[in-house]
Each structure stands twice: as structure tokens, then as C-alpha cells.
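Chemist: Top to bottom, those sequences are chains E and D. By the UniProt record's numbering, the letter at position 279 of the first sequence is numbered 279, and the numbering carries on one by one without gaps. By the UniProt record's numbering, the letter at position 184 of the second sequence is numbered 184, and the numbering carries on one by one without gaps.
Some hints here could point you the wrong way.
Unchecked claim - Pair by pair, the computed Cβ-Cβ distance ranges are:
(1) P18(E) with L251(D): 29 to 37 Å
(2) W16(D) with F258(E): 46 to 54 Å
(3) W16(D) with P149(E): 56 to 64 Å
(4) Y160(E) with R227(D): 14 to 22 Å
(5) L58(E) with P183(D): 53 to 61 Å
It should be emphasised that the hints constitute simulated quantities derived from the structure, not laboratory data. Please read these numbers as outputs of a predicted model, since none were measured by experiment. Note that beta-carbon positions come from the ideal geometry of N, C-alpha and C, so glycine has one too.
Read off the chains here:
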Amino acid sequence: MAAQGATASRSGLRSALPLLLPAYLWLTVAIFLPLSAMVFFSFMTDLPLSGKPWALTLGNYAAFFSQSLYPTLLWASLRLGLEVTLWCIVIGYPAAYVLAKVLKGRSREAIFLLVILPFWSNGLVRIFSWAMVLREGGILDTALNAVLPFKISIDLMYSYPAVIIGLVHSYVPYMVLTCYLTLQAIDDSLIEAGRSLGASRLQMLKRVIIPLSMPGLVAGAALIFVPVVGSFMEPRILGGRTGTFYGTVIEDQFVAVFNWPLGAALSFILLAVVLVILASAAPVLRKAA
Amino acid sequence: MATTRILEWLGRLYIWLLLAFLYLPIIIMALMSFNVSPFYQLPFEWTTEWYAALWQNEQLISATRNSLEIAIITTIICVVLGSAASLALFRYDFRGKKFLQALLFPPIAIPWLITGTAMLIFFFGVGIGRGLFAILLGHVALALPYVIVVVSARLQTFAPELEEAARSLGANQWQVTRRVTLPWIMPGVIAGGLFAFAVSFDQFVVSYFLSTPGQTTLPVEIYAAIRKGFTPEINAVSTIIIVVSMALMLLTARFFKFGGEK
């Protein structure tokens with residue numbers, strides 16, 4: 001894309017290489033080789049480093065398919081990803097619409113910045129902050145009891161809803177950002193034209209606005225779904241004992257059980273699932289580009 | 001139209017509700033870091049003892065130092081390597097360029113859990129092992145694609161004719177880069193650097209798998225503390241982190257309007 005042919009006169013890989021090599025070498029050593037090593041490792045019986053004998057095996061993958069625990073957890077994580085993504089759409093899309101089409105000028109700029117500001121702040125800390133709100137005797141509990149005439153006890157901490165709330169809070173800015181970018185690109189005169197031809201607000205939304213902003217929705221959904229399926233810190237902190245998901249099981253293999261080959265196989269299966277999802281989202285995105 | 005006005009008013013209200021959802025937990029966490037009760041009990045009584053306690057916490061201080069050092073080194077390496085790569089991708093045409101650009105997305109798109117565990121396996125296998133050096137290797141790789149994307153976006157607004165003009169006036173390649181191209185892309189480079197700092201400073205997952213008990217970063221130390229139980233000290237250090245990272249992001253926004261014209 002960049003400057004097609006503008007400087008093509010001095011084109012060539014030979015001039016580009018010295019500038020490119022350091023960056024791509026680093027990516028190779030720290031990302032691409034590790035990913036390949038993980039694939040290789042997932043077919044081993046044991047760590048090759050500990051001096052113990054090792055052999056190639058399909059056992060780690062057999063373990064995934066033979067024990068119903070792992071597919072069940074993968075399914076639970078996929079469902080979690082789906083639920084969080086849906087909530088992010090429900091909450092984020094209207095916000096993106098208001099930002100793109102209702103607010104104007106400086107107030108739009110300021111609020112847009114406020115919405116996406118948390119998105120680069122520390123995710124761990126933001127998850128932790130929900131513990132202050134959701135625990136029994138926490139803010140939500142205290143506030144509701146102050147307002148309501150009867151005594152209720154809200155203790156959402158260490159529950160499935162707590163995990164959902166924390167994850168939606170973490171990821172909803174992605175959805176606002178991607179939808180805002182596509183909604184903003186829709187020409188206002190298009191909406192006016194449709195309205196003057198007698199389309200109702202709902203018809204405009206269904207026939208024009210949502211279809212045109214589909215790439216933003218899909219991009220946001222992919223950006224949210226993928227990391228949520230691989231999340232482990234959020235379920236650990238907010239889910240407690242109910243927070244066992246596919247990600248936490250992978251974490252366990254590496255930091256608690258020390259079955260690295262199994263962990264590698266589980267990671268690779270997750271990677272395969274992720275790649276399938278990204279690949280199926282790609283056509284919609286490419287059409288937009 | 002009356003309906004339009006009502007709908008707009010509802011829209012604004014909705015945005016404020018969303019902002020409340022996004023910020024209230026953080027504000028409450030910050031308030032609790034100034035509360036006397038170690039069990040977060042109300043009524044609220046002001047104190048700064050938890051912040052004072054942070055200065056006595058050797059582990060947290062050394063983890064903070066590690067985090068800052070790694071983030072600064074990551075930023076410097078990423079800015080240099082990333083700007084060079086962006087310039088090459090902008091200036092030259094060659095076979096496989098599209099492929100190289102596509103290679104930037106896996107590090108961003110693949111969940112950090114997978115990247116982190118893969119790095120752990122590989123670094124162990126080749127003898128680098130865990131520790132601060134491994135964390136630095138990982139952070140640079142994670143932040144580099146962001147820097148290349150941000151600087152490349154800035155380069156899109158650059159007119160290559162300027163380089164041609166400078167060259168025709170007798171400037172050599174290095175002079176052209178230093179006097180013409182670099183000043184133009186500087187906002188992108190600064191924004192990319194701030195991004196890199198944020199990616200590194202806030203990074204938890206990859207650091208978590210690559211750290212050892214003595215060689216760890218602040219988020220990993222906080223995670224360990226959270227799992228032992230909540231204390232106002234965690235609130236205090238968390239509040240500091242969130243203020244620092246939001247300030248950084250505001251700074252980034254000043255230099256780089258998210259791909260827009262400035």
C-alpha cells in the first residue's frame with residue numbers, strides 16, 4: 001500500500017534489508033520460533049532438557065480428546081467469549097453510534113478519549129478494582145442496602161457474573177473504538193436521504209447503518225472474543241473456585257503441575273481455534289478494506 | 001423535531017452511564033487506598049498510611065524498578081528498530097513485502113497466554129531461561145508491531161516528493177532521512193514509543209510466565225499479592241499504576257490522533 005511506486009526507482013530488497021532485518025529477526029526469535037517450538041514440544045513425552053529420555057508422541061492430544069474435562073472447559077471458554085462479546089456489542093454499539101452521530105466537535109473528542117483511555121491502562125488493576133465493588137460489604141452491597149427498604153446481601157464476588165462483568169468492563173472500549181471508526185465513515189447525507197424517502201429510524205438502522213458498520217462490529221468481536229477465550233487472570237481473580245476455564249488449565253500446566261508438553265498441546269489447540277475464528281472473520285474485514 | 005431531541009438527550013445520558021461503568025470501579029479502588037480500614041469498611045476515614053507502607057515494601061520497590069527499566073529499554077529498542085522497519089516498508093518495493101506486513105499481526109492477535117507459554121518453552125529450550133532478560137526479549141517483540149503500525153500510519157501522510165526534492169538539491173540519503181523524513185514522522189515515533197512503554201509497563205501475562213521469584217515485574221508482583229488476599233496496599237500501588245498509565249495515554253493522544261490528520 002505504502003507509496004506505490006513513488007520511490008520504486010530505488011526499489012529493492014537489498015536496500016530495505018538492513019533496515020528490516022533487526023526488527024524481523026527479533027520477532028522471529030521471540031515470537032515465531034517460540035510458536036514453532038511449542039508445536040514441536042506438544043508432540044513430546046517429556047522435557048528434553050531435564051536429561052530424562054523423551055520420545056515423540058500423540059499422547060498429549062489424545063489426553064485432550066479422551067478426557068471430557070478439556071473439551072468441556074474449552075467449550076466453557078468459548079461460551080464465555082461469546083457471552084462477553086455479545087454484551088460488548090449490546091453496550092458498546094449504541095455508545096459508538098452516539099459518539100459518531102450525535103456528539104459533535106470538542107465534546108465528541110473528549111468523550112471518545114475518555115472511553116478508550118482505560119483500554120490502555122493496566123488490565124490487571126482494572127479487574128482487581130471490581131473486587132472492591134462486587135464483594136459482600138463492598139460498594140454495590142452497601143449502596144443498595146442504603147437505598148432499599150429491606151436488607152439484601154449482594155455478594156457477586158467469585159461467581160460467573162463477576163467474571164462476565166470484569167471482562168466486559170475490560171473489553172467494551174475495543175467495540176466502541178472499532179464501531180465508532182466505521183460509523184463515523186458513514187455519510188450523514190446518506191442517512192438524511194433515506195429518511196426523506198420515508199424510511200423509519202428502525203428501517204434505517206436495519207437496512208443501512210448496521211450493514212455499513214458491519215466491518216467494525218466484526219473487527220471488534222474478533223478483538224474481544226480471541227483474548228477472552230484465552231483469559232486466565234480475570235477468572236482467577238473474580239471467579240474464584242467457579243473461575244476454572246480453559247485458560248486457567250493451561251496456566252496450571254506451566255506454573256503448578258509442570259506438565260509442559262500437555263500445556264503446549266492445549267495451547268496449540270487454542271491457537272488453532274483462534275486462527276479458525278480469525279480466518280472466518282477475515283472476508284468481512286477484507287470486503288471493507 | 002421533538003423525538004430527535006429526546007433521542008439525542010437519551011444518547012448523551014447513555015454515554016455518561018457508560019463512562020460511569022468504566023470509571024466507577026477505578027475511582028472506588030482509588031478511594032479505598034486512602035481509607036483507614038484495612039478491610040475496606042465504611043465510613044470512610046482519610047489516611048495515607050498505605051502509600052507510606054509502600055516505601056517499606058522492598059519486593060514491590062524492586063519489582064517497580066524492574067518494570068520501569070524494562071519498559072524504558074523496550075521503548076528505546078522498539079522505537080529504533082520499529083522506525084527503521086517502517087521506513088524500509090514505506091520506501092522500498094520488493095517481493096514479499098505484503099507478507100512481511102502481514103507478519104506483524106500474529107503477535108498482536110494471538111492471545112498472550114499462547115505467546116507467553118510458547119516463549120517460556122522456547123527460552124528454556126535454548127538456554128535463555130526465565131528472568132528479566134527473557135521478559136525484555138518478550139516485551140520488545142510484543143510492542144514492536146504496534147510501533148511499526150503507528151509509525152507506518154504516520155508515514156502514509158508523508159509526501160515522498162519531499163525526499164526527491166531534498167535529494168535533487170544535493171542532500172545524501174542520511175541527510176534526507178534526518179532533515180526531512182524524521183522530523184515529519186516524529187509525532188508517530190513519539191506516539192509509537194509511548195505505546196511501547198505502555199505495552200511493556202502494563203504487560204502481565206507474558207511477564208508472568210517468564211519471571212522468577214527474584215526477577216519479576218510490578219504487575220506480576222501485584223497478581224501474587226492479590227491471590228494472597230486483598231490489602232489496601234495493593235489499592236495504593238494499583239492507583240499509582242492506573243494514574244501513570246492513563247497520563248501516558250493522554251500524552252500519546254496529544255501526539256497521535258489515532259490515525260487522524262493533525
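Chemist: Hint by hint, note whether the structure agrees.
Modeler: Tested hints:
Our hint of 29 to 37 Å for P18(E) and L251(D) holds, since their Cβ atoms are close to 32 Å apart. One distance hint, 46 to 54 Å for the beta-carbon pair W16(D) and F258(E), holds here, with the actual separation near 49 Å. Look at W16(D) against P149(E): about 28 Å separates their beta carbons, and that is not inside 56 to 64 Å. Distance hint for Y160(E) and R227(D): a CB-CB separation of about 19 Å, consistent with the stated range 14 to 22 Å.
A hinted range of 53 to 61 Å for the beta carbons of L58(E) and P183(D) is consistent with their spacing of about 57 Å.
Of the hints listed earlier, the one the structure fails to meet is number 3.
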